[in-house]
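J.: Spelled out from the first residue to the last, the chains are:
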Amino acid sequence: MDMKKAVLAFAMSMIPVSAVLAESYTLDPRHTFPRLAIDHMGFSTVYGHFNNTSGKLEMDRAAQTGSVEVTIDASSIDTAYDKRDEHLRSPDFLNVAEYPEITFKSTGVTYNSDVLSSVDGEITILGVTKPITLTVDRMKCGANPLDKKDTCGFDASATLKRSDFGMNYGIPGVGDEMKLMIGVEAIKDE
Amino acid sequence: MNNLLSYPEVQSVLLPFVVSLTSGLILKRWGWCWAGIGVLLGYLVATLPLNGFQFVPLTGTRKVIVLALAAGIFGLVIDPLQLKTRLRFTMFFAIGALAIAWIIWPVVSRKETLEMSALLAGGLVYCGWLAASLELLRQDSLRVASATVALGAGTGLAATLGATALLGQMGISVAAASGACLIIVVFSARNTADTVLTFAVGLVLGLLGYVAFVFARLPWFALLPLALVPVVARLPLPQRLPRILQAVATTAVASLPAIVAVLSVYFSTEQSY
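Protein chains in written order, with the numbering used here: chain X, 1 to 190; chain D, 1001 to 1273.
Since the hints were made in silico from the structure, they are not lab data. Cβ coordinates follow ideal geometry from the N, Cα and C atoms, glycine included. Certain hints may be false.
With a Cα cut of at most 20 Å, we get these calculated DMTMM-like pairs of lysine to aspartate or glutamate [as the list claims (entries may be wrong)]:
1) X:Lys179 x X:Asp85
2) D:Lys1111 x X:Asp73
3) X:Lys188 x X:Asp28
4) X:Lys149 x X:Asp39
5) X:Lys130 x X:Glu101
6) D:Lys1111 x X:Glu101
What the simulated footprint calls covered on chain X by chain D, stretch by stretch (three residues with Cβ under 8 Å from a Cβ of chain D suffice, anywhere in the stretch; the number is not a length) [what the hints assert, rightly or not]:
7) 88-96
8) 123-133
9) 168-174
Selected chain D positions facing chain X (Cβ under 7 Å, derived; list incomplete) [as the list claims (entries may be wrong)]:
10) Gly1052
11) Ala1163
12) Leu1166
13) Phe1215
14) Ala1216
15) Pro1219
When you get a sec, could you build the whole thing from the sequences and use the hints?
T.: Quick look at the structure:
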């Protein structure tokens, strides 16, 4: 073994096993829909979801590490009522002209045996970044029976206060507290 | 009390009206600056809570508040200099144009060149005009106050119908504060308006209208009649009318284009709340 090969072999041996085993996934926008629920004047809960979401998921279940990155197109808000959606896009709420994206970047993940139990990270809404912990309610990884592609999915949720992000309009009539739920499906990168 | 203040009618009409009236009556003793300061205070008292007293990140709406403060101070500084009308008009037009460019640039810079140019050009003309045009009414504070009542109400209602209640409330708060100013003007001998009223208040209303167009869904054609308010407010009225009737008549006439703007938004958007 010449010197160059020896150095290469040594360098290879220094790469953590987790990095080798980490699997990379791309979020499937057809099956990934962040949803939100918010109180409406104490009478009812209004539900909405975002139609356009993208992102990446990396996981090494053996090493119990991973990362999640989600980018939500704020203008794709859909509460099944166009007039309300227009209002939600305005500076009163999501201000999509100035802040077209809502982003989430994980800072750490917690596993319960070999499935995610929570994801810590930072969410940015209206240009304001706050820490958030998504509680993972369930998770499954395996081959999709239809297209045979390796797929991972999970449902996660968290509660946040919109006033923390400067979204003050309509409080308290329209609730300050907002439940964020996200069902994620991600397909393993080739 | 907090519960009471959460009502839009209290927050954007009653509160700015009372603050403008009270501060106007108090400041009146000190002379030239009272009218505009009263209106500006009424506007700020309504809008600062609406924005949660926050300035970070500096959104377009918050930039309007910052500019209102800056324009108010600028108005106080510039007033004693007794500059010529032409110079003041040019200066205020340029500041209005720069102000809207600062606000909308982060949004329009993401657009295609043609759309970006059109949005910028429209903003420069609209905001420049409204920041400067009330200067032409300077010799008659009654007309200036009537114009700001009409322009504020028109901008506010049109913005509300254009799907942004926040900017709508901000516009209506200017109308309410200007209404208080108009009442003081009616019962005072003073006749010349100050720069805070002509420039700062005009600038705020121009910015609110254009921001509602770019950041929300206020149709562009609603801005055209709104831009005519300062022109219509110049129309001559019989001088022999009692001052209170002059105020009513001027406000009614100045409100005509504002009403056209509001109706144009009403009929062009689906109103089915």
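J.: Give a verdict on every hint.
T.: The hints, checked one at a time:
no.	hint	result
1	X:Lys179 x X:Asp85	holds (18 Å)
2	D:Lys1111 x X:Asp73	holds (17 Å)
3	X:Lys188 x X:Asp28	holds (10 Å)
4	X:Lys149 x X:Asp39	violated (39 Å)
5	X:Lys130 x X:Glu101	holds (15 Å)
6	D:Lys1111 x X:Glu101	holds (16 Å)
7	88-96	holds (count 5)
8	123-133	holds (count 3)
9	168-174	holds (count 6)
10	Gly1052	holds (4 Å)
11	Ala1163	holds (4 Å)
12	Leu1166	holds (4 Å)
13	Phe1215	holds (4 Å)
14	Ala1216	holds (4 Å)
15	Pro1219	violated (12 Å)
This entry does not satisfy hints 4 and 15, going by the numbered hints stated previously.
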